[in-house]
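Visitor: Here is what each chain is made of, one letter per residue.
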Amino acid sequence: MIEPNNIDLTSTPPNTLPEHPRIIELKNVERSYREGAGQTWVLRRIDLTIRPGDFLTIMGPSGAGKSSLLNVLALLDDQWRGEYWLTAEPVHHMNRKKRAELAKRNIGMVFQSYHLLDDLTVQENIDLPLSYKNIPRPERQALVADALDRFNIVGKKDLYPSQLSGGQQQLVGIARAVIHRPALLLADEPTGNLHSTQAKEIMELFRGLNEQGTTIIQVTHSEVNAAYGNRIVELRDGWMVNDSAHPETRRASGDKS
Amino acid sequence: MFVALLNHVRYALRQLRKSPGFTLTAVLTLAIGIGATTAIFSLLWSVMLKPLPVEHPEQLYKIGSQNKCCVNGGMQSDWAIFSDDKYEYFRDHTKGFRSLAAFQAGMDTFSVRRGGAGEKAQAADGNYVSGNYFSTVGTPILRGRAFTMADDHEGASPVAVLSYRYWRERFALDPAVIGSTLMINGRAVTVVGVTPPGFYGVSLRSDPPDFWLPLHQEIDLTKNQPLVSEPNKDWLDLVGRVAPGTNIQQIDAQINGELRQWLQAHAATLNAMTPGSSQLIPQQRTELAPAAASSNMLGLSYRKGLMLLLWAALAVLLIVCANVAGLMLVRATAHRQQTAISVALGATRGEVIRQSLAFSVILAIFGGVGALAVSYAVTNMMLALAFRGSSRLPLDAAPSWPVLAFAFGASLITGLIFGAIPAWLSSRAQPAEALRGANRGSSGDASARPQQLLVVLQAALSVVLLCAAGLLLRSLNNLEHQNFGFQTQGRVVAQIDPALAGVKYANLDPFYRRLRERLGRIPGVTAASYAAYTPMTFDNSSTTPFFPGRPASKGGNADSVSFTSVGPDYFQAIGARILRGRPITEQDNNNSRHVAVVNQAFAKKYFDGDAIGRHFGIQAQLNSQFEIVGVTEDTKYNNPDQPAPPMFFLAMDQSIQVAPPFKPEDAYFLSYARNIVIAFHGSAAGKEREIRAALTDVNPDLAPQHLRTFEDQVSLNLNGEILIARLTLLFGLTALVLAAIGLYGVTSYSVARRTGEIGIRMALGANRAQVLRTVMRRAMAQALLGLALGIPLAWLAGRLLAGRIYQVSSFDPLIVTVTVACLAVSAALAALLPARRAAGVNPVEALRNE
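Sequences listed follow chains P and E, in order. The letter at position 41 of the first sequence is residue 41 when you use the numbering used here, and the numbering goes up by one with no holes. One rule links them: number in the numbering used here = place in the second sequence (from 1) + 257.
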């Protein structure tokens, strides 16, 4: 059982961003896949603005394009068209290497199936994002120790993922995602594999992080989880059909003109 | 049971057909490994294991376990060749043999032409044998008849038995040859029979005889003093047939007793030849040994080398097993769900193992079929390398039944070896996990661990083979480029036989003058000379020197020194320096004192280096016959890997004096040149036609039997070393390529298995260079482990090779460095492709598949 109430998040302010009115701005973003002679669209004309400190939930039925949008936002996918500004930097003008650098600085990812590496201990899993940065080893060790302490998993640091419960694994996944203090935390169905009690605890954790200033974007099917955020965006067949922050965005899923 | 087996086979065949890429790769890999091993076995079988081509070869015993050639006088200590007189003594007194036969230890070259045909004479090699030879060794005669004892006495009408090969090549299997007359060395000899195909005699040598002649015809046919009538000239191998169940130790003791009795009876003559030799009689002994092994000249020459190559081939086979086992593991993983379904439907562990083994054994048998082609090619290459210079090798590369059986057996064992690990792993399949898709996790490559271990093993073995090849190549290079004490560049050596060309002893002086004069007129010639034998021509004469004022030597190997007789300009022609004094010149003829040139080793051993003006002889009574006029540098005449032994050079134009019991004719052989050597300005290539023309000018019958550059002649002495070094290198490189393929396979597999993990890493910030480095690091770690295991093994292999390598340390840092570099580069290249593939992983795709 995880104990989010005991987790001290006060000492983990996110990376300070310049005062931008928007952390993310998408303009007319589209994504499609080639299928034989035809093309399947998974994202259509997405216009989206996200402010620092937002806790945004992306919802929609299966196949609506939620995860595709999250992958675009995470800079994991670079096959989209349109304009994407992240912290006022034009991602759409960047090459693959620069996008990767930008993501490394600003984004943390939490996955539904945790995606911890089975061969690495808890401590090593948390260290992983730092190992890809030019951070001296002692500093990394200090950061990891700090994260273990904050997430109250010091006692588990030498265990392997297979020795942890699902909730504990996701806790490690979140610790790993925020170890480098990203401004933006992206979570793809973070509680999809968890019992409802554990899910609640994880969501409380997200709320705490958000209150500390981390911008969070989550993909979920759960209305309960969505309630932790302050804004909901709904996708259907690749179209953004609803944005709680902009009620005028309503669009019928069939309206694809 | 049989039906189940048939089902396994049918299913395995279907699986092979369904994955042609896998099948082709595995079959080709297996063909290389099994083919290399089969090729070595093929040669090993032909040279060492194949029974003699006679009836009941196990009943044949040779007197003397060593192989000696060609004529010996005096004591031998460990006797292996005998005179005709000794042969008759053993034959008539030894009770244990059913029959005892004699055959010439060496061979003579004869001029042969068909009687009355008016054709030109050609050279051919003949072997003198006793009248009971064919009946004793037990070979049927293909056409005509064998010799009888009636053919083998002085005055009998001359007869010959031809080998099948000679009958085919020289006379196109003409049946009329049997019963016809051949002019052999100018004498009419009737062909009475032809031996069956494949019969080469009792002694397996690279150039077996063209025909056989009865012993006592030597009296009429030899160009020199007949050996058959010399009781103290030993030149015959003796082979006896025993009845089954005979007590060999008893005959052995009897023979040893008879040998000493005979020597005792001839003590006076022996003492006259070498004073004091009768005192050595109690120590003289011989040994009765199975004929197949003790008369196998090829086996004795190549045994150690072939065994070494067999080990190398087995190492390649092991690597192949590891490689194919790796492929099988990949395949087993891919088929895990199928196996799981089988288990879920009730297949027992034994059935899973049997199915997997049936698959691997059938695969190996296909590999074995391919291996026969590889084996044939490799055996041909080995025969060409090992027996360069042999024109009638009694071996061929066509696979025999034992070789086919070996290939089949090797395939079966190989299949079981490489199939065992995948079979075992398949049998441990957990159906529930496999059916659930247990590999969803982002596990590293724990499942690839058996493959990684196999790659480490392959890398280690290839390090061993490459290091061994490096040592052998450096050794060969040292042997080829050592200071032989003569020059090989721009020189040609030819084998001639003036006696065969009809030059009488009395006419030798004008013949040699004409020879030198005519050879000297070839454009570009700087020196031309002749000698009884020249360096590296597989010839040797040795004797015991005697010195005035010193006690006479008792003979034996320690006092034996090599010698040859040479013409004027000889040292210049072979490019050996005269360090002190002068060389043999035209003035050294029968009108001047007998002179000799000695090498440094001789001068040092007998005169502490100060040899000029000192005297010695080759008989105790004539111990100051030769005055030393020059000291030449130490020149290697035999054994390129041994230091030059003491040696002296006599003037061929001077007839030497002999004291009883020898007759003047006994020394005639010293006056007949068997080699000419010609030095040119620049290259000697392309001079063959001009040399042949010059020799024909001197005497139309003086066709050279061999005409080679000195470089080629030296290289022929290194046939065994060249064969072993090149094959070990070939095996080493094959091993390296296979290890690289193995590493490629396991890295590709690992990358495929870890696509999800790579996606996660990239999602967490790893860039492509970091992913590339991670994959490369893991692959190189396997290569490093291979090195860590292989280098100590290579050191051990080097220690085992120590006796075979020349002036190379058994652990050579340069060779190890080059090997490490080769393995590192191969491993890096092998890992780069999958690593680049890993770096190109699309994290979105990877995570979606997770």
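Since the hints were derived computationally from the structure, they do not count as laboratory data. Please note: incorrect hints may appear among the correct ones.
[Unchecked claim] To give an idea of the chain E side of the interface with chain P (calculated C-beta under 10 Å), a few residues:
id, residue
1, N637
2, M638
3, G939
4, I998
5, I1017
6, L1021
7, G1022
8, N1024
[What the hints assert, rightly or not] Which residues of chain E face chain P? A few of them, derived with a C-beta cut under 10 Å, are:
id, residue
9, H938
10, A942
11, E945
12, R946
13, I948
14, G1016
15, R1018
16, A1020
17, Q1027
18, L1029
19, P1100
[Claimed, not checked] Stretch-level coverage of chain P by chain E, calculated; a stretch enters the list once three of its residues show a Cβ under 8 Å from a Cβ in chain E:
id, segment
20, 106 to 116
21, 119 to 132
22, 205 to 216
In this text the structure is predicted, and so the values were computed from the model without any measurement. We put the beta carbon where it would ideally sit given N, CA and C, even for glycine.
Visitor: Sort out which numbered hints this structure fails and list those numbers smallest first.
Guide: Violated hints: 1, 2, 3, 4, 9, 10, 11, 12, 13, 18 and 22; rest satisfied.
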